[in-house]
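The residues making up each chain are set out below.
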Amino acid sequence: MPGTDALSADLTTLVRSVSGVTTVYDAGSSIGRALGKVADLVSGRRGDTAPILVKDPSAGITVSVSIGVADAASAAEVCRRVHDAIAEHLAARGEAASEIAVQVSSIG
Amino acid sequence: MAEHPVVSLDEAEDATLADRAADGDMRSFEVLVRRYGPLMRATATRILGGSAESDDVVQDAFVVAWQQLDRLDDGAAVRGWIMRIVSNKSVDRLRARREHADIDDHDPVAPVDHSPDRVAETRSQEEALSSALSELPEPQRQCWVLKEIAGYSYEEIAEQLDLPTSTVRGLLARARKALTREMEAWR
Amino acid sequence: MKRSKKPITPASATGAADYSGDEPEGLDGHTIEELNDYLDDDRTPARESIDNSPGCQIALAALERLRGLTLTLLDRDVLAEPARDDTWVSSILENLSREVHAGRDIPIRHDDTAARLTITEGAVRGLIRSAGDGVHGVVMGRCRLEGAVTELGEPVTVNVDAAVIWGHPLPDAADRVRRAVQAELRRHTELNLAAIDVTIHDVHAPRAGGTG
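Chains as they are written, first to last, in the numbering used here: chain P, 1 to 108; chain E, 1 to 187; chain X, 1 to 212.
Among the clues, some could well be false.
What the hints assert, rightly or not - Short, incomplete list of chain X residues facing chain E, as computed with Cβ under 7 Å: (1) I32; (2) Y38; (3) T70; (4) R76; (5) L79; (6) P82; (7) V100; (8) R142; (9) L145; (10) E146; (11) L152; (12) P155.
As the list claims (entries may be wrong) - Label pairs and their computed distance ranges (CB to CB): (13) E/E99 with X/T113: 53 to 63 Å; (14) E/T167 with X/R65: 49 to 59 Å; (15) P/G94 with X/E94: 54 to 64 Å.
Hints were generated in silico from the structure; no laboratory data involved.
From a predicted model like this one, the values you see are computed outputs, not experimental measurements.
Glycine residues also receive a C-beta, built at the ideal position from the N, C-alpha and C atoms.
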């Protein structure tokens, strides 16, 4: 879906820019879930290399992302920051998510 | 954040590496891959009778090992455990081949690849053994490699190759006689 | 699949045993299988009829040579392999899924009810390993989180194995590991730590050589 693809791409860029985030893992299908596969927007690949964004008209937008954290004072804090950044981004577009799930998969 | 261990993981014992990898430590698993990959490849090649599919089989085996490491009770036994996985995967390939062929015990099947071992002048008794192995009829070769190289019991070979145990014993006896004869003739 | 018919090899002109029949002749009534079993039993108990048979002795020697070559066959195969670059290693690692050992999802607080924030158990184990590895002379082993880690605030016990090398005093090492692990867990997670149990399960010297 073009609308969600663009939003997904924007959110991936956003999440990667949050201090303490070193990796955005593929949160997509099990086929794509491999160690070290990082969201790579430069290659133009979408879908399986971005945070899952599911748009459900009745229930609202849901966002889920899996991140790697490093060189940060607190992984829990980074996790919260990522959530807040996503929530703010959506709010700025006049949208709200029914769920924003942020999972820290590695701390290094 | 944290320092690297004073002891390099490259030098860690199998049990430590297996325990860490079972908990998800990719670096430890990588050490195991480097440590046992070549031996696994050699085992697959011996069982398969050639190296064409060995890399695939080893890759499959490592995927299974990664997934099931947390079920290994004794990390120190990881080497034998991984060897058994790659051996079973190799036999799976043999079975798949058999389903598409009609094996006559008395006709040796040409090996999958023609290795330098089969050069007319064998330069050493080691090469003579390799050459003699490649000339065995396929069912004999398989039984012999599974027993003598991969360490399977008669019953395990019977189960893996879907043969009666008595047949396995017979094939092994014939293989042993043929190999002894070939090796002595070389001398 | 190509097939080649191979004629039955005529009996060897060299040794005393003739292998051309179903059983080699010259074994004085014994079979190769019997002799192989005799070797398996380390020739114990001694069997006179075998020990006194020249044909059997020759065949036993042949079987022993075959055994010797067989024992080292794989190791020689490995040595004979051409040198390869590292791509075979990375292609194996690429196929491995991170989720397999991710374990349970450990919650992190947030006021927003739409927020579902978690740290994986796998990430926490990695944290614990790093913390322990940082203690001089320690290589961490297994990590276990015991308790209802998926419930915010529930007490959790951390249970770890550590190997200590080079003769560091054991009680001191356990203490250092405990403190390092506690510091890292408090810093990065919101786990309610009830206890940290450290078992020094091995004292070993570094492996001789690399890939052995």
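Checked hints:
1. Checking X/I32 against chain E: minimum C-beta separation of about 5 Å stays under 7 Å; hint holds.
2. A cut of 7 Å between beta carbons decides the hint on X/Y38: the least distance to chain E is about 13 Å, and the hint is violated.
3. Interface hint at X/T70: satisfied, since its Cβ lies 5 Å from the closest Cβ of chain E, which is below the 7 Å cut-off.
4. Contact between X/R76 and chain E, as hinted, is supported at the beta carbon level, the nearest pair being about 6 Å apart and thus within 7 Å.
5. For X/L79, the shortest C-beta to C-beta distance to chain E is roughly 9 Å, which exceeds 7 Å, and the interface hint is violated.
6. Residue-level restraint check for X/P82 is violated (minimum Cβ-Cβ distance to chain E is 11 Å; threshold 7 Å).
7. The beta carbon of X/V100 comes within 5 Å of a beta carbon in chain E, closer than 7 Å, and the hint placing it at the interface holds.
8. The beta carbon of X/R142 is positioned within 7 Å of a beta carbon in chain E (closest approach about 4 Å), and the interface hint is therefore held.
9. Because the closest C-beta pair between X/L145 and chain E is about 10 Å apart, greater than 7 Å, the hint is violated.
10. Using the Cβ-Cβ criterion of 7 Å, the hint placing X/E146 at the interface with chain E is not satisfied: the shortest such distance is roughly 14 Å.
11. Interface restraint check for X/L152: the shortest CB-CB distance to chain E comes to about 23 Å, outside 7 Å, so the restraint is violated.
12. With a least beta-carbon distance of about 21 Å to chain E, the hint placing X/P155 at the interface is violated under the 7 Å criterion.
13. Evaluation of the 53 to 63 Å hint for E/E99 and X/T113 yields a pass: the beta carbon distance comes to about 57 Å.
14. Evaluation of the 49 to 59 Å hint for E/T167 and X/R65 yields a failure: the beta carbon distance comes to about 27 Å.
15. One distance hint, 54 to 64 Å for the beta-carbon pair P/G94 and X/E94, is violated here, with the actual separation near 41 Å.
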